[in-house]
Amino acid sequence: MSVLEIRNLHATVGDTEILKGVNLTLRSGEVHAMMGPNGSGKSTLSYIIAGHPHYTVTEGDILLDGESILDMEADERARAGIFLAFQYPVAVPGVSVANFLRTAVSNVRGYTDGNGNGSMSGGVIGSNLMPMREFRRELNSKMQEFNVDSSFARRYLNDGFSGGEKKRTEVLQMAMLEPKFAILDESDSGLDIDALQVVSDGINKLATENRGFLLITHYQRILNYVKPDFVSIFFGGRIVKTGGPEVAQMLEERGYKWVEEELVGGLVPA
Amino acid sequence: MSVLVKEPELMDPAPVMAVAADFSEEGVRALSASRNEPGWMLDFRLAAWRRFEAMAWPKSTDESWRRTRLTGFDLKNFTAYATPGATSRRHELSPLLQSELGEMESAASLIFQDGGVHYRNDNPNLAAQGVIFTDLQSAVQKHPELVRQYFMTQAVKPDHNKFTALHAALWDTGAFVYVPKNVTVELPLQAILHQNPGLGGYHHTLLVAEEGSNVTVVDDLLGGVDGMQSGVIELVMKDNTVVRYMNLQDFDHSAWNFLTGRAVMGRDTDLRWIQVSWGSRTTKAFLDLELNGPGGHGELLGLYFPTGRQHIDHQTLQIHNAPNCFSDLLFNGALKDRAHNVYMGIIKVLPDAQKTDSFQRNGNLILDGTARADSIPGLEIEADDVRCTHAATAAQVEDEYVFYLMARGLTRPQAERMIVQGFFQEVLDRVPVESVQHKLERVIERKIGG
Ligand SMILES: Nc1ncnc2c1ncn2[C@@H]1O[C@H](COP(=O)(O)OP(=O)(O)O)[C@@H](O)[C@H]1O
Ligand SMILES: [Mg+2]
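Line by line, the protein sequences are chains A and B.
The numbering of the first sequence is the numbering used here, which starts it at 7 and goes up by one.
The numbering of the second sequence is the numbering used here, which starts it at 464 and goes up by one.
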């Protein structure tokens, strides 16, 4: 049982403050949906949790099981069990899904030989790789399970992938990396119904009791497939309301205009 | 090798053995005599030497030499040519050469050192098919008619430039490959040059593929400490031939390297030429595809990765002389430290070459702000129904890519390495011999790390 806690998080990019006091506690086994309009800072929050170096945290903290992760590099956070499914995964030409994932999985699972020797000796971490056969077997079975065609193992990471293929590959990577906490940044946007079904099925399979999900979304749609325990509304760089699934329903009916007038009006000093 | 009995017409008043290797007409004569060459080859060398002397050294105002300077280059710093030693048996070879041989499964192999053959592994099956794979010096003796017909007569002529003239006068090592009509050589033919320190070297690859033949040749170029190499590649492809050619240059970073290569391609030919320039302090390479028959398909793919203060310059020409040909050029390289890369390329389409389909791309990945890449693409088109495109890109390893990979658990060095390796992959994927692919991957990994 783990806890990811975000405490009064303020963050800036350049001179602009984007996060203005985010508070959120996510426990293993929970699915927490976070809904908010474009530009409200959802991706920024997810990047900061994952350790993107471009943002500066000016106040507050992020704790994983009581320990601050703010000083950790992105890769250390990944190895500590944090996974971010990107809203816009970048294409990396020439790097095959299988090759990349084998290195990632080996690191996250701690395949190291302790003395920095190995085919990828960039320090001790990554000095040893998961045995090819074992890796292949697991990748193949997970590709089947998560509806990713086996040809994708050899394809270059996100290179020429459709929007849906990218999102599915993100879910596959999550399945391989087995994180404690997964932040899914609009994994549902831009998908047709079939693709949404596949991605949702994947999330549901992975939503076990020892894993927590922060499901960031712009639309209520995905919540027909993935049932959240909590729903928060994110607006202007902070959470303005948290409740159960009924909050999503309310938002669906009344729209962000209601949020602005009813919730933010009273909360944010002009 | 010692001087053999000389034919009377080769008699020369000067004492042959005693002359120190020298950049002079006497030097040329001595070299030719020491190889016991027939008179026609001596005449060829002498004519080339005179051309060399008559030609001016490149100037920084010459378009080809504007970005690649010869500052610090002086023939006086090199022994004009090497004196070959005895050949070795496999177990006597240096570990480096043993591993070079062991890396690849080849049909036959040759190692050159000190201006001559250091090791040879002949294949009687090839000879039975009429395939010739031997050193050029032996070819001059055993197949003079073929050498006279093809050596620097069709693809690269002695007066192509100052360095080809020098080469023609002093050429020493290199393979002669002759594949008869309709013969397919399944495994690659491998020629390795290991150049010892301080020497001038003039490596030559002459490939003649007769109609309907199919062959793969790999040239490995090593050594060259404080030396100079002025090489020539000639690929003569008759109709319906398939050639895979790899030139893997990994000289010491103190070597001056000049190279001129051209493929002359007949009807319905299919060429893939991989040009790798890892080593040398300075490389200036002129590489041409000449498509002379309809239906030709030529690919010229380059890789480079200069580090430190290396300077690499490839100048290419895709000449379309015939209709319905396809040529595809892709040169990709990464640059580190204070390295400098130059790529200049022209697609030239002559009036008869309608329906030409031609590409030219150069991609640079700049790993340090102190490195520099110049890319000068060009088109000269005299036919109207053609499709020609060229593109040059210069990119850096973007933070967004590094972050994406790190967010999946890769360390920063791993992420950067993977992105750089990935950048080379498009060309690596097209390297036709798997063991060569792996070898190139290892060099890239070494260069990223070092
Ligand atoms: N790197 C950046 N530089 C400048 N502004 C940024 C940067 N990243 C995000 N922003 C700004 O921060 C705000 C929040 O963006 P984002 O987190 O992407 O919102 P969301 O994901 O909710 O649509 C936007 O106004 C955006 O323009
Ligand atoms: Mg977003």
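None of these hints come from the bench; they were simulated from the model.
For each residue, glycine too, the CB sits at the ideal point set by N, CA and C.
Check before you lean on any hint, since a few could be wrong.
[Claimed, not checked] To list a few chain B residues with every Cβ distance to chain A over 12 Å, as calculated:
hint: 1; residue: Gly-502
hint: 2; residue: Asn-584
hint: 3; residue: Pro-587
hint: 4; residue: Arg-707
hint: 5; residue: Ala-878
hint: 6; residue: Lys-910
[Stated by the list, open to error] List of simulated lysine to any residue pairs, SDA-like, C-alpha gap at most 25 Å:
hint: 7; chain 1: A; residue 1: Lys-186; chain 2: B; residue 2: Arg-875
hint: 8; chain 1: A; residue 1: Lys-233; chain 2: A; residue 2: His-60
hint: 9; chain 1: A; residue 1: Lys-172; chain 2: B; residue 2: Lys-605
hint: 10; chain 1: A; residue 1: Lys-172; chain 2: B; residue 2: Ala-858
Do the hints match the structure? See the list:
1. No Cβ of chain A approaches the Cβ of B/Gly-502 within 12 Å, the least distance being about 54 Å, so the stated non-interface status holds.
2. The Cβ of B/Asn-584 lies farther than 12 Å from every Cβ of chain A, with a closest approach of about 30 Å, so its non-interface assignment holds.
3. For B/Pro-587, the condition that its CB be more than 12 Å from all CB atoms of chain A holds, with the nearest at approximately 39 Å.
4. With a closest Cβ-Cβ approach of about 21 Å to chain A, B/Arg-707 is found to remain outside the 12 Å limit, as its non-interface label requires.
5. B/Ala-878, annotated as away from the interface, has a beta carbon of chain A within 12 Å; the closest lies near 8 Å.
6. The Cβ of B/Lys-910 lies farther than 12 Å from every Cβ of chain A, with a closest approach of about 15 Å, so its non-interface assignment holds.
7. The hinted pair formed by A/Lys-186 and B/Arg-875 meets the criterion: a straight-line CA distance of about 22 Å does not exceed 25 Å.
8. Pair hint A/Lys-233 plus A/His-60 does not hold up; C-alpha atoms about 33 Å apart against a cutoff of 25 Å.
9. Proximity of A/Lys-172 to B/Lys-605 is assessed by CA-CA distance (about 62 Å); at most 25 Å being required, the pair is judged violated.
10. At roughly 23 Å between alpha-carbon atoms, A/Lys-172 and B/Ala-858 fall within 25 Å of each other, so this suggested pair holds.
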